[in-house]
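Novice: Chains as they are written, first to last, in my numbering: chain A, 1 to 311; chain U, 1001 to 1660.
Mixed in with the good hints there might be a few duds.
[To be verified] Looking from chain A toward chain U, a few residues come up when the C-beta cut is under 8 Å (computed):
id, residue
1, Val62
2, Ser97
3, Glu128
4, Leu161
5, Ile162
6, Trp174
7, Met213
8, Glu236
9, Phe308
Calculated from the structure, these hints are not laboratory results.
Cβ atoms here follow ideal geometry from the backbone N, Cα and C, with glycine treated the same way.
One-letter residues, chain by chain:
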Amino acid sequence: MSTSTVSPSPPSGVAAAPAGTPPSLSRGVHDGFLGHADFRWLKLALLLCAASTLAYWRHAPVAGANGGTWLGYTLGGIGTALILALSALGIRRRRYSSRLGTVRGWTSAHVWLGLALVLVGTLHSAFEFGWNIHTLAWLLMLLVVLSGLYGVVAYSRYPALITANRAGKSRDQWLIDLDEADERVLSLASAVDRETHLLVLRAIEATAISNRMRDHLRGRAVQVRAANGGAGTMLERITAQLATGRRTGDDARRVAELIDLLARRHSLLTRLGRDLAFHARMRVWLMLHVPMTLALLAALTGHIVSVFLYW
Amino acid sequence: MKVLIRHQVTPTLRKPPAETLFEGERLRIGHGADQDLVLADLRIPATALSLRTVTDGRGARQVEILRVRADGTVETRVHAFDSTVDCGRHRLHLLRPAKAVPAEAGIDLVVEVQELRTARDDRARRLDALRERLGRIGHSRRVVSIGLFAAIVLISLLLPAWLRFGDGQPPRSPEQLEAAARQLSGAAVPPEAGLAARLVRWRPDDRQWQPGPSSPSHAWFERDCGQCHEQPFVQVEDRSCLRCHETTAHHVEAREQLDQAEFREAHCTDCHHEHRGAAGMAARQDQRCTDCHAEPGTRFGTAKMTPVANFSFSHPGFTPQIARRVSAEQQAADPAIKAAFRWIDPEALPIDPKAPAALPSPKVLQSDSHLKYPHDLHVAQAGIKGPNGTQVLTCENCHEADGSGIGFRPIRMETHCAECHRLDFEPNDPSRVVPHGNEAAVVDTIRDYYARVALGGGVMAADAPTAVQLRRRPGEALASNDAMAALAWADRRSRLVIDETFDKRTCRYCHTVERTPDMPTPPRSPDLATRGAVLTLAPMTISPWRIRPLALTTQRLTQASPFPHGRHATDDCTSCHAAPQSSSGDDVLTPPIGRCRECHGDRGSPARVQTVCTDCHGFHTAKNALMKDRAPAAAASSGPDPHAAAGVAGGAGRASVFHR
């Protein structure tokens, strides 16, 4: 698929679907994996939360609750196992041949158990926080889960918006369309006169797609550098300039066609900018989620080793 | 200017590969049809370049190129021969004519046109660049992930571990540990030290592994974890604590109890928890105590302890220490008994714990105090008669706080009693008093007084001999037989007054007075006697009366720590002590435990001050056993390295009987 180089990876639940089979749009990818196997993982996560809370509530260690009691070690062990298992989704979803459950099931477990992990990890800490490696691990865990929570929301919201915005074409198709429109505009403009051509050429050369995530998130992926102070869009200025001269016959027809084409190009750019913004907003959490997961694994290693090093 | 334009042969070239000759002022290049050299590329201006040959100041020929940019500006640049100029998807080679066309003359420049990319390739290139640009939005997750992972492992694990164990000798000597602690505590880095020195203090060391704040008492060396965490992956051992706390007493003394697993395998860290802030080190966990004391018989059958599972319901009643009079026969039978009383085992006569709130009747428990002191008369609300009229006394008149917040200053007869309880003995001379606290001195004082009175004469007493009654003239000496008669009278008189003072008027009023059996002979010091010396110069007066010593105590509940009276000063004394109802000095005024339970309860009890065992009871209370002596192996070893020996013994049994 050509989209793989341009667009971000599709949602994990879709990755397992055979190529060419789009996910069911009516049901929604999001609802699909969350309710996997009749909400099996939600039930398991709720059970885990209830059991942990009950145990923490009933547990009255002589030295007060802390991570070093038998319950503390148990919750810590469960939390570590959860973190490792949840991190393994990153491996599992790349192994298309694996038969260890479906990726849909894995993702469902990932989301629900990940949410339960917040409770398990916090009860393990017994609400003791400080400026240390242990709280760092807890914070990173929280960041990972929060970013993942955003991911769940993003995957429920943006795929539909992206699909609607693309109107049945792939992004690459839109890029090709844009380039073709550029060519036609240039060709038409050169037929009008050299000043018009230069004006259009300048507009095309001033059109740039930012490669900064921040611009994409703010919906400013497509930028037109204003050469003479930005008074209105380039399209408006070109239109104004083209409309001023007195034109007749073929020339007038060409100019009208050119303005029409420029407007079409502008809508193409708008659509492309929206697409890039949707994509950025849909995948920005992964920028945090994945690196923070690795950071969490490092901090977790430091936490466990240091606790037993200085037992 | 003559320019030879040569097109390189390419498959897509529209024009046939040919050479054309241009002659004019400037060669104009662009996609416009009117250009001298037409390049089929709409992405360059209609006139993109305009070039001519020029001669520079040194006479060298060069090519000047004007380039029209898309924004309408024109840029001028001078190129040397044999250089290239790119214009859209074409490249122009500016060749020196001598090289390119050696045969012909008059040609100033040869421009060779090369089509770098076809229009289709150019478009594919644009799209590819765009795709690549869009593919690299945001940071690389892989690079950032691996970078973060490595940074955290390095800063939070490897560096601290290296700084701690890098010298390869984690268990260091006490001297090294102390030096390290001093350095790390900041003593080595004065405040005016440079940035580098201060940065060293901020190095990523093992402080970041501390799970919580240290207790205030240990915070001074908290930066040197090795002080306590001596061996990696080994729990903190007692020897780390005992290195400083070496005189900490044990809980019990009996060897057979110390050898029980409960004590042998117990560790400091079972009760004292570090890195839990200010509260962690104080053992405030009743379960640690009740693990044994709830059912002491199961493990410590010989110790005769009352089971205590909690304070509110199962704590036994108080067993105040009381005194019992010892008869002369008992004293004679048992040479070990030296006093006229003995303190009774507190297990006797406990105050009924089932009587919860009301104060016990003072008659419930009595101790032979040998002091007649009716509290009720002294603190009566109506007051008590004194030399200056009726006085209302309060507890504080006699029981003055000693400033410790716990106890009171001793009650002294001279300070607290003597104003009313005067020690005069001769009604005609009320200013003369006997000293307090020494029977022999009382006897001496009275004898001396009457001898002086008799020898002085002028005594108006019917039984006195004439020599005593007669007034003396100044300087008159008494005849020896008269003197003998006077002294004989004085002696008779003294005996009467002594008996009266002790047994009737003064001493007996407050004390238990008893007549000594016989007039004893003056005591002789045994070692002096062997040397043949007789204590002729020592006071030879022996009192015929003896005051029974008082059996008073400041702490009746010997199994508990002294009661902090200061902290309870908000309540009236009489809310706990039934002094206004007590008519005897023998009454024990210790309140019952029910009085404590009115305000205090176990942890978690509602509407009560939450109290733990250690609020009233100490743990390290043994008088003759230290914590460091408890492990038999450690006590036996006295090698050159006690730490090593203790380490072997301490490390032997880490399994604790307590639930961790």
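Novice: Does A:Trp174 pass the interface check with chain U, least Cβ-Cβ distance below 8 Å?
Specialist: violated, 11 Å
Novice: Under the criterion of a CB-CB separation shorter than 8 Å, is A:Met213 in contact with chain U as hinted?
Specialist: This hint holds: A:Met213 lies near chain U, its Cβ roughly 4 Å from the closest one there, short of 8 Å.
Novice: Please verify that hint: A:Phe308, Cβ, nearest Cβ of chain U, below 8 Å or not.
Specialist: holds, 6 Å
Novice: Holds or violated: A:Glu236 as interface residue toward chain U, Cβ cutoff 8 Å?
Specialist: violated, 17 Å
Novice: Taking the closest Cβ pair, is A:Ile162 under 8 Å from chain U?
Specialist: violated, 14 Å
Novice: Against chain U, with CB atoms and a cut of 8 Å, does the hint on A:Val62 hold up?
Specialist: holds, 4 Å
Novice: Does the CB of A:Leu161 sit less than 8 Å away from some CB of chain U?
Specialist: violated, 18 Å
Novice: Is the shortest C-beta separation between A:Ser97 and chain U less than 8 Å?
Specialist: Where the cut-off is 8 Å and the nearest Cβ of chain U is about 22 Å from A:Ser97, the hint is violated.
Novice: Going by Cβ atoms only, is A:Glu128 closer than 8 Å to chain U?
Specialist: holds, 6 Å
In summary, the numbered hints that this structure violates are 2, 4, 5, 6, 8.
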